[in-house]
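Residues 1 to 55 in our numbering are what the sequence shown spells out, letter by letter.
One or more of the hints may lead you astray.
[As the list claims (entries may be wrong)] Derived CB-CB ranges, DEER-like: (1) 31 - 9: 17 to 25 Å; (2) 5 - 26: 17 to 25 Å; (3) 27 - 7: 21 to 29 Å; (4) 28 - 7: 28 to 36 Å; (5) 6 - 33: 18 to 26 Å; (6) 36 - 5: 23 to 31 Å; (7) 5 - 27: 19 to 27 Å.
These aren't lab readings, by the way, just hints derived from the structure by calculation. Here the structure is a predicted model, which is why all the values come from computation and not from measurement. A virtual CB, placed ideally from N, CA and C, is assigned to each residue, including glycine.
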Amino acid sequence: MSVSPSPLADRLVDQYGRTPIAAAAGLTLLVAGITATSTPAAAGLEPGTRLRHPR
1 MSVSPSPLAD
11 RLVDQYGRTP
21 IAAAAGLTLL
31 VAGITATSTP
41 AAAGLEPGTR
51 LRHPR
């Protein structure tokens with residue numbers, strides 16, 4: 001059993017193995033990057049802006 005800051009990650013790696021979890025993490029990052037680049041600038045989510053809670 002490996003030691004990581006996330007017990008969930010430890011459990012997933014122990015159950016499925018390191019390679020499938022690394023591949024899933026890479027795919028998640030790829031999808032997040034594609035989603036971020038396809039978001040229109042008019043949405044107001046430009047880099048460096050903070051999301052504010054509506055009052």
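| request: Against the structure, test the hints numbered earlier, and report the numbers of the ones violated in rising order. | output: Structure breaks hint 4 only.
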